[in-house]
Amino acid sequence: MYEKDGEKYFVMDTHTHFWDATPENWVKGAEEYAEGWINCFHAYQGLGPADTHWTIEDFQTQTPERFEKDMFEDGHVDVAVFQPTYLKEWYTTGFNTTEMDNEMAARHPDRLIVNGRFDPRDGDPGLRQLEEDAQKFGLKGVKLYTAEWNSGSRGYKLDDPICEPFFEKCIELGIKNIHVHKGPTIWPLDKDAFDVADVDKVATRYQELNFIVEHVGLPRIEDFCFMATQERNVYAGLAVVIGGLMHARPRFFAKVMGELMFWVGEDKMLFGADYAIWEPKWQVEGLVAWDYPDETFSDYPAFTTESKKKILGLNAAKLYDVKVPQELQLSNGGTPAARDDSQLVESR
Amino acid sequence: MTDRAHVLDALGTVFDPELDESITSLRFVTSCDVSADGDVDVRLRLPTPQCAPNFAFLMAADARDAVRRLPEVREVTVVLEDHYTGDEINGALGRGEAFAGAFPGETEGELDALRELFHRKALVARQAQLCDAWLAAGATAEEVTARRVSDLPDEPGARRCRELRAHLGIPSEGDDPALVRPDGAPIEAGDLKHWLRMASLVRTSLEANGGICRSLLAVRYDIDPDPEEVAA
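Residue numbers (my numbering), protein chains in the order written: chain A, 7 to 354; chain B, 991 to 1222.
Simulated from the structure, these hints should not be mistaken for laboratory data. Heads up, some of the hints might be wrong.
Unchecked claim - Going by beta-carbon spacing under 8 Å, a handful of chain B positions derived as facing chain A:
no., residue
1, T992
2, A995
3, S1205
To be verified - A few chain A residues that don't get close to chain B, going by computed Cβ distances all over 10 Å:
no., residue
4, N45
5, P55
6, K207
7, Q335
Every value quoted in this text rests on a predicted model; they were computed, and no experiment measured them. The C-beta atom is built at its ideal place from N, Cα and C for all residues, glycine as well.
Input sequences plus hints: build the corresponding full structure.
Written out as structure tokens, the structure reads:
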């Protein structure tokens, strides 16, 4: 919970990690990729305020104590959702697996939610694994990284027929939140791997599911926004938008937030700090203090206290059935994460 | 005799297809050496080791082709540094092969359709910038949509619009409309507000990506924030 100027904010961080990228975990022969990946993440941290930068050694892995301090003690986070990123082609035990997340989550079962994953290319064994994971971890969501390499395959699309049994299994198992992260390599390589048209198709088809597009579809924010206005069950994950732009590029941040407020709307935007790339503290405090910098942004919808409360926690709490104390709910009985409000904020 | 300045000028005509900015202004050119005999060696770098291989290839191949077109250059070597598919891309560049040669079996075709898609986006974004400036200067929707190519100002953004139209086969004679949809159709005054909303979003997306790329490059290579930071 974060309190500022008499207002109390329930903070739900929908995108956090707990990883092991130490050299001991690099796959032999793939060291270059493993090292490149974590160094790339580390460079992203450089986009935050200087006093939040860590050494690369600190960055390669986190202790539970550090995680607790950064998230709960300093970071104002009430509840966080772990998003796994396996990358087993590069990291021996995985970069950040559900098992690793679960060890951490076991210390705070009421505050840490573990999301699973599936890879449709794993076929029937993958389906069985998803069932096991759902039972073991009580999954309510999965994170899909469509650009992940798998036995010579460079990525997949969500509307590939191999995904169908997995989405149906999710519905059956009560896994309703599908977090999607696009990446740079999808077969065939001559197409735009960041294209979000496949999300559009499966969102239409599987109305029971919520599709949270991580990093608001970056670098295809425009395609994501055009798509999100059409689909009542598509949400914007703000990880990287806040961490990567709010401090480093404040005017671009203002424009991107304005566009998201206009096209997607405050009911469908979800805070994510993307720890350990960035600590939540400065992002939560910065977002609560934030407004458009000047009048040139007056065409965009106002960013109100209610907008902040929804985006920082109330929308995500709704999607994950997290109980929010009465004093932290909207006083006007508003409806965070409302699907019906997916129309444009103002008429076109 | 072609000297280093000419080579850099040629590299300045090579654009990042996703960002629609030149690779020299983005500071993607690490080094550029011209030997006394006219051999050229260009090194390129990108903001992350995981930048998309297709766009990385386009920039490297375009750089190679732009330098080769210069008079009196001999051997041209273009090397993409610190990239996770650098071996594949540099191998194909060295052999003079196209994209499919870099990633055999991993492509369905070449990169022409991808390039065209991003040319269309770039044109939309550039026009949004022009249109915003006109409206800010007091022009009405009717006046803006009535403007012709001959009314375009002589500045880099408008020149880039003409180039993009030429790439896309959209006519840009003096009498053609200044603002067009991605398929070349003119924009009616009554549709301007809606078109501009869409176009501004495309522009914001391109600019935000460019901002992230510039920031990451500066962090990755420990170089000073570039002058564009101030403008941003």
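Verification of the hints:
Hint on T992 (chain B) is violated. Least Cβ distance to chain A is approximately 32 Å, over the 8 Å limit. Evaluation of the A995 (chain B) hint against chain A yields a violated restraint, the C-beta minimum of about 31 Å exceeding 8 Å. Here the hint on S1205 (chain B) is kept, as its CB sits about 5 Å from the closest CB of chain A, short of 8 Å. Its closest Cβ contact with chain B, about 7 Å, brings N45 (chain A) to no more than 10 Å, contrary to its assignment away from the interface.
Consistency note on P55 (chain A): stated as away from chain B, and its beta-carbon is indeed over 10 Å from all of that chain's, at 13 Å minimum. At the 10 Å boundary, the C-beta of K207 (chain A) stays outside the reach of chain B, the nearest C-beta of that chain being 18 Å off. No Cβ of chain B approaches the Cβ of Q335 (chain A) within 10 Å, the least distance being about 32 Å, so the stated non-interface status holds.
Of the numbered hints stated above, those contradicted by the structure are hints 1, 2, 4, listed in ascending order.
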